[in-house]
Amino acid sequence: MIPLNALLQTAALPPLTQPVIVGVAVAYFVVVALIGAWATRSTRTARDFFVAGEGIGLIPLTLATMSATLSGFAFIGGPGLMYSLGLGAMFIILPAAITNTMSAWVLAKRMRLLGEVRGLITIPDALRVRFRSPAAQGLSALAILIAVIGYMATNLLALGLVIDAIFGTGLGWGIWIGMAIILGYSVAGGIMAGVYTDVFQGSLMAIASVLVFYYALQAGGGVEMTRSILASDPAFFGPWGKLSPLAALSFFFVFGIGSLAQPHVVHKFYMLKDPRRLKWYPLLTSVALMVTLLLFFGVGTATKALVVQGELAPLMRADDATPTFLLRFTPVLLSALVFSGVAAAIMSTVNSFMSIAAAALTHDLPMSVGKRVKNELRWGRMSTIAISILAAVVAQASGTLVAFLGIFGWGLFASTLVPALAVGLNWKGATREGAIASIVFSIVATLLLETLGYLKVFALPTGVTVSGISLAVSLLVFLGVSRATRGGAGSEIDADVRMVMDT
Amino acid sequence: MTPRRLAVIGLVGATISIVAAYGTAFLPGGATDFGALLMVFGIATMAVSLMTLGAVRDGEKLGILGFAFAFVFIVLMGGFALAVMLPDSDSATTELFLGLPPRAAIVIYGIGFLPVLVLPIIYAMTFKDRTLTEEDIARVKAAAAAHAALQGPEDHK
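Those protein sequences? They're chains A and B, same order as listed.
Add 26 to a position in the first sequence, counting from 1, and you land on the number used in the working numbering.
Add 3 to a position in the second sequence, counting from 1, and you land on the number used in the working numbering.
Looking at chain A on its own, in the form it has when it is part of the complex (with noise of 0.2 angstroms):
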């Protein structure tokens, strides 16, 4: 069994000390800091710093989510899965063939409209108002601000890893300048700086991406790449890869279902400046985040296909698959552009945490005691830092204990919010009380289970995971608790809130 942290970049890369692969990236930090200095002077209000004053529009908003869906893992940590894996890495981005216009049915236009009825700026917002619940609010952003720690902090840890092989920093260094970076453009521009760095980053990961693909075809020999595969590793092409059946279907369910519950994905359709745009949104991310995965599956597949043909040694280890085929068989200005699109991924993700955790520390976790901050778009920004100083600190420690906060996250996110903001959203039979119990279930579940297990002390059967379980067993509890609970106090629903739920 694979574990998840597996999907987490803990290991250092290959040096990529080149002329060329110096200077794109340090092109590219040139333009993030020149968009993040263009997007301070649009920052003026809380609203502008959390939603990006509710004025994005269709591409932006295209273009942001899909970066921010995309860590570095879908460029290194990804085609060494797949590498290692075969066809059972694959499950953890085929769901994308549904997951984007099941969130634009389920969650894009609530949110969207809903954020216009109450001027709501977070995903606890919308989950107070729902249930009128100040701690279904406080609860969701406890959960969302433990989990954003831990994530935050492997996502530093990978981009320490990048800016060391490309620039030779030391890995500690590369953590602190790679924090350093983000929290420049990001405590300056918030989410609007973000957003826009992510329309330059999402393209160039996707333009990126295509040209891998091809030259990935190239060098494995097309068909004859599936060929030599089959005949040394058929389990390679099996329709679960080295997974068993049900590993692979598990990560298909978190990773699928899970999406509804990514708060730094969902949050963006607060942004969108006119609902109607959503439209074309799910076929527009759809086709951009599925361009965008090409090099997971090209980069893969043709490193295996290499290896089996003689014209690569075996890896020592599977994430040297990403940079071992760029230097090997693409021109180096696109292995550049590929290693600053890692950076740019890590960095996407990380400015999109830094502003759910800012805006749960400084107005979901206030409002929910009834307290309300007086400058929130001062606090914001002063919280950005300290969250990303702790979250440096913690990228610091052990890689074993930054996989297990990373997975320890990557649960709470899907346990905690799928029920009560994906169904909750949807279902005017969920009431308060579903919700907070299904968070606070989540929240011991998942805490006490991925602690019990990364002491050892027991280990979960083949193709179970603390997360699977977890999302599981916290819809039966919002569903049950519900379903016991109904006709009381806490299924009443606002009227302007209830409309927003017929719509």
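Since the hints were made in silico from the structure, they are not lab data.
Owing to the predicted nature of the structure, the values given are computational and were not obtained by experimental measurement.
Among the hints, erroneous ones may be present.
No farther apart than 30 angstroms at their CA atoms in a straight line, the calculated lysine-lysine pairs in the DSS-like style are these [said to hold, decoys possible]:
#1 K305(A) - K454(A)
#2 K131(B) - K268(A)
#3 K299(A) - K131(B)
#4 K64(B) - K131(B)
Fit chain B to the known structure of chain A by using the hints.
Chain B only, in chain A's frame:
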């Protein structure tokens, strides 16, 4: 029974099915093909139930959305079930379909690609009539104005 009611029942059934699928992994000998099929049923039913809850309003019929949801259910159930049940006979001489052996092609092209040709298109086709009408937007603007007038907007400085 209305589509929304059916979707809630489907969601409950899907969740139980997924929990049961995980449960089979704890049995002696580990997870079986039956456990995998329970998971397949759970995933397909949950996805379709959630989409139905999100897309269909109270009192509405499914209409063309029924085609989209049935398509997704069939692709997921049928694709995964074929992957479970087709014989494991891939070799260097296996006939390839668009560069992949048959079972891999079902997974990649069938489950991973086919829905993109249908779902977003139907979403766009039905958007103005089913998802967000001009009347909806007018109602939302009126509600936002009423909320702002009564309680003041939740201003964020």
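* Asked: Is the hinted pair K131(B) and K268(A) satisfied, with a Cα-Cα distance of at most 30 angstroms?
  -> Answer violated: K131(B) to K268(A) is near 45 angstroms, above 30 angstroms.
* Hint consistency between K299(A) and K131(B) [alpha-carbon to alpha-carbon, up to 30 angstroms] -> 17 angstroms, holds
* Mind checking the alpha carbons of K64(B) and K131(B) for me, to see if they're no more than 30 angstroms apart? => 16 angstroms, holds
* 30 angstroms limit on alpha-carbon distance, applied to hinted pair K305(A) and K454(A) -> Distance of about 25 angstroms is within 30 angstroms: holds.
Taken one by one, the earlier hints fail for this structure only at number 2.
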